[in-house]
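Chains as they are written, first to last, in my numbering: chain A, 1 to 315; chain B, 1 to 315; chain C, 1 to 315.
Incorrect hints may appear among the rest.
[To be verified] Below are the PhoX-like pairs computed for lysine-lysine, each with C-alpha atoms no more than 20 Å apart in a straight line:
#1 B:K158 with B:K13
#2 B:K51 with A:K51
#3 A:K51 with C:K51
#4 C:K13 with C:K128
#5 B:K51 with C:K51
#6 A:K13 with A:K128
If you are wondering where the hints come from, they were derived from the structure by calculation, not from laboratory data.
Here's the letter readout for the chains.
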Amino acid sequence: MSIPGYSYKFDHKHLLSIEDLSRLDIEHILDLSEEFAEATRAGRRPEPHLKDMTVINLFFENSTRTMSSFEIAARRLGADVVAMPIAQSSVKKGETLIDTAMTLNAMSPDAIVIRHSASGGVKLLSRKVDCAVINAGDGTHQHPTQGLLDTLTIRRTKGRVEGLKVTICGDILHSRVARSTTLALHLLGAEVTLCGPATLLPTGTEHWGAARTTHNFDDAIEGADVIMMLRLQMERMNGAYLPSQREYFRNFGLTRERLARAASDAIVMHPGPMNRGIEIESAIADGDRSVITQQVEMGVAVREAVLKLLAGRRV
Amino acid sequence: MSIPGYSYKFDHKHLLSIEDLSRLDIEHILDLSEEFAEATRAGRRPEPHLKDMTVINLFFENSTRTMSSFEIAARRLGADVVAMPIAQSSVKKGETLIDTAMTLNAMSPDAIVIRHSASGGVKLLSRKVDCAVINAGDGTHQHPTQGLLDTLTIRRTKGRVEGLKVTICGDILHSRVARSTTLALHLLGAEVTLCGPATLLPTGTEHWGAARTTHNFDDAIEGADVIMMLRLQMERMNGAYLPSQREYFRNFGLTRERLARAASDAIVMHPGPMNRGIEIESAIADGDRSVITQQVEMGVAVREAVLKLLAGRRV
Amino acid sequence: MSIPGYSYKFDHKHLLSIEDLSRLDIEHILDLSEEFAEATRAGRRPEPHLKDMTVINLFFENSTRTMSSFEIAARRLGADVVAMPIAQSSVKKGETLIDTAMTLNAMSPDAIVIRHSASGGVKLLSRKVDCAVINAGDGTHQHPTQGLLDTLTIRRTKGRVEGLKVTICGDILHSRVARSTTLALHLLGAEVTLCGPATLLPTGTEHWGAARTTHNFDDAIEGADVIMMLRLQMERMNGAYLPSQREYFRNFGLTRERLARAASDAIVMHPGPMNRGIEIESAIADGDRSVITQQVEMGVAVREAVLKLLAGRRV
């Protein structure tokens, strides 16, 4: 994407939302991520870009998977990582998010990675600190590194993103993953279909760049190049959005029969952790179309790239 | 404070209580802390004084804030830090504190930072181990690094400690902070007034070096150079010490009207986490008199100094 | 044990069970462990054999003690350690152990240390990953590094293992320690007696290499060179295996009277944490026959040796 006479510069202080990024930003992050991924595959450690830096992992929601991914990424770059999983009990102590932000800021970290249950909570915090802030998931709003790693996994396995037909299926309404990934894929020229039960399909998804929404999965999967199944977030649902797990699987589960409707070289994705037998058949999760573990691998690489671009700026 | 012909040497194995320190000890720690604070402000890492050393953070009480401060301090000096937050569930396993001490000692750490709910628990443990022990809070007894960081914050912002009028207000009875800070400030020549509800004012505070105690906050704040508000430790109180939060705020909350009675350049402190609207008005916490985030910053610096002086000895 | 013309090579990918090791393997690990133990005693750090490597500590059961021992061992060798204590709440999210394994593997660690409540769970996981897997306890099955550290402690204090009479007393049925330690000691030529209440003595212990089982502790301790008391695992027992703690102590507690029946230079061991007054008298735990803290010390050394032999292979 380099344009003669134009010199690109990644110029963001924080990573709060895919909405803040341009197509060039995303491609720059993906290119850098690929370098990190190749280094890891070759058994090489990258340069210690974050040597003598401190990264704080502030997680108000439990997520061993995402927290570890950030921790491993930061350490590979030579950073000190301070894990701060905040149990419900501590929150009960009654300190506000702003006070937590100001307290952490006073400890002079170079980056804070934060997951919070309130949509917008991470942005709020970012205004009160001097260091780089990376959104690791805020409520049902954004999870930008997930959007980036999904896009990278697709680009690597399909060779491009432009023009691909991508179907995302599941609880779209509560999914920060669907939002972030749709935004990123749309920016890079994919055609995204969002599919789920009518009760779990929000309106306004055209603002994310979605081409269409549907509650007919058989229809949505027709000819798709990429199928991304979302986790059925049972803990997110307060009311009775769904009749039964069995009913859900019948209508929205990814089975081999259904997969046959997609393109013959379609790939299958899932952000994990999976509910096998609920949203995806085990044979598909473990089959040769699945790139699910590659998503995890790219997750570490993307976080290395983002940490380098943001925390590394302070040097 | 260097006296011709006299060569000072910091000569302590542990940091258990401010009571064990002389004025020269405190001034030595504060001087060293300032060097660390300046290094951090300038974006410099200090020498790795604790390289190849292991610091264990043994916290029997939940305190993300203090634990992180010690962790960041130890890592800045190059130490390995092993976090050991001991959940209630583990304590139920029934191992005695002495056995825990002996077990940890057998793993050959260079320093153990410990917080325990029993007053005196840290001292007990220190007798059973070979390495340096730092008290990060034991029951209602001591929290010496808090006393040091409070003193340092005052010395930096007011230019001196000697002769200052300091008012500490809140739940004095249950506060290890009040005790440690009063002792440190008194040693350095400040005049400390302790203020709180009659039910939360212990007797014998003259042994801490307090000049007086009172339950009249309006009176106590008159002409004060420093006002330190304590957190209302609701979880500490077993009985009915207080009528209501509203009543408490009316009598002992720091409001703008009350602050006007203090010296015109008085500073406001709080060890955190704050209960905004209960012991302190939000506008003051965020106002230009507040040095609350500077306390957090000095906290890391003081812990660097203490770790260097104690753990560094084993080299 | 070097045989002319024979060149020994430690050739294992994982450490899952003592059953997978030969006598030469064990002696090789113990020899290397001794070197690490001596280095620590001399205040020396070993070579950073695991520099730029990542060790994941995946603990599905709470064990501050074992987790810290592995963490300290790995850090001494220069590794990055990512702690993953998996709370019950996370497991409820419903991811299978296999998915967890594949997720972690995709993050490219060099070793995974795992404790899991299911016997065989660690082996299952090891089949799905590329890196070294170390069993830190799986159900009632194996805890191989405990077997090795027990054997090393005996070899150091008694000068040999061959021909020693070792009595292990307690809840043999639920003890992965008893199984691993018996296997290791038998391989090295000790004669192991297993003792406990009839309800807690499994059949088939001859397959572990035990010489005999008995529910008469007075008889079992007669002339023993080593007495190892097991922790009464109250949380392990679902039913009514035992009449009362008092009754247990009378029949199976280690008292000074009972210890007098053992060899005059007998040593006393316990894997910890101890229930003082239930399985062992306090005076013995703290007495000069006790090598309990030395077990902890050797634990770190053995884990350094095992991590070096396994994770170090990838270089």
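Hint by hint, here is what the structure shows:
no., hint, in the structure
1, B:K158 with B:K13, "violated, 31 Å"
2, B:K51 with A:K51, "holds, 15 Å"
3, A:K51 with C:K51, "holds, 15 Å"
4, C:K13 with C:K128, "holds, 13 Å"
5, B:K51 with C:K51, "holds, 15 Å"
6, A:K13 with A:K128, "holds, 13 Å"
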